[in-house]
Amino acid sequence: MRETWIPQPKIPLYDWLPDNIKLPSEDSDNAGYYRNDYVPYFWGVMHALDSPVSWMVVMQKAAQIGWTVLLATDICKVAATEPARILMLFPKDEKGRLFMDEKLVPIIEGSPTVSRVIDVTTSRKAGSRSTRKKFPGGEVRTIGSNSISNVKSTSARRGYVEEPDDTNKDVGDQGDSIRHL
Numbered sequence: 001m002r003e004t005w006i007p008q009p010k011i012p013l014y015d016w017l018p019d020n021i022k023l024p025s026e027d028s029d030n031a032g033y034y035r036n037d038y039v040p041y042f043w044g045v046m047h048a049l050d051s052p053v054s055w056m057v058v059m060q061k062a063a064q065i066g067w068t069v070l071l072a073t074d075i076c077k078v079a080a081t082e083p084a085r086i087l088m089l090f091p092k093d094e095k096g097r098l099f100m101d102e103k104l105v106p107i108i109e110g111s112p113t114v115s116r117v118i119d120v121t122t123s124r125k126a127g128s129r130s131t132r133k134k135f136p137g138g139e140v141r142t143i144g145s146n147s148i149s150n151v152k153s154t155s156a157r158r159g160y161v162e163e164p165d166d167t168n169k170d171v172g173d174q175g176d177s178i179r180h181l
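In the numbering used here, the protein residues as written are 1 to 181.
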């Protein structure tokens, strides 16, 4: 019992991933435990995501290089090691649902460390939905950039923007959806 009261040492994402994240075969050419050596271009990003002085991490990148999977794994680490509310902004609500169904949920289900923490059911009793997954001390919620109430109504310690070029630049005549996040 005492171990649960003592703050755990902070483990960098780079070190945490290989032991705790298992990529599903349906979404990865490299199914199995996460291998940092397959994505050396993300090493700096991983360290920036962990940095207490980085309040924004931006990366110009090519398509289909594993970025969305990296964000999903960072969500898993936050849920397992330093729980907080996490928001993910997508151009439309449907993109968020697809992210949950195709990326996040399969990673959670295949990763024992994370599946013990994040409830991937969509039962109302558990508080989870297709765009919201709860865990002790927090939740991950996907929101669409097309509604002002989506981007202004919820505060979070962490926020991610997926496909920023496609998000609404003026939502409800109140400005850029990314700035409201």
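Be aware that one or more of the hints could be misleading.
Below, a list of computed lysine-lysine pairs in the DSBU-like style, where the Cα atoms sit at most 35 Å apart [unchecked claim]:
(1) 10 to 61
(2) 61 to 134
(3) 169 to 61
(4) 95 to 134
(5) 169 to 92
(6) 169 to 103
(7) 61 to 92
Source of the hints: derived by calculation from the structure; they are not laboratory data.
Hints the structure violates: just list their numbers, smallest first.
none
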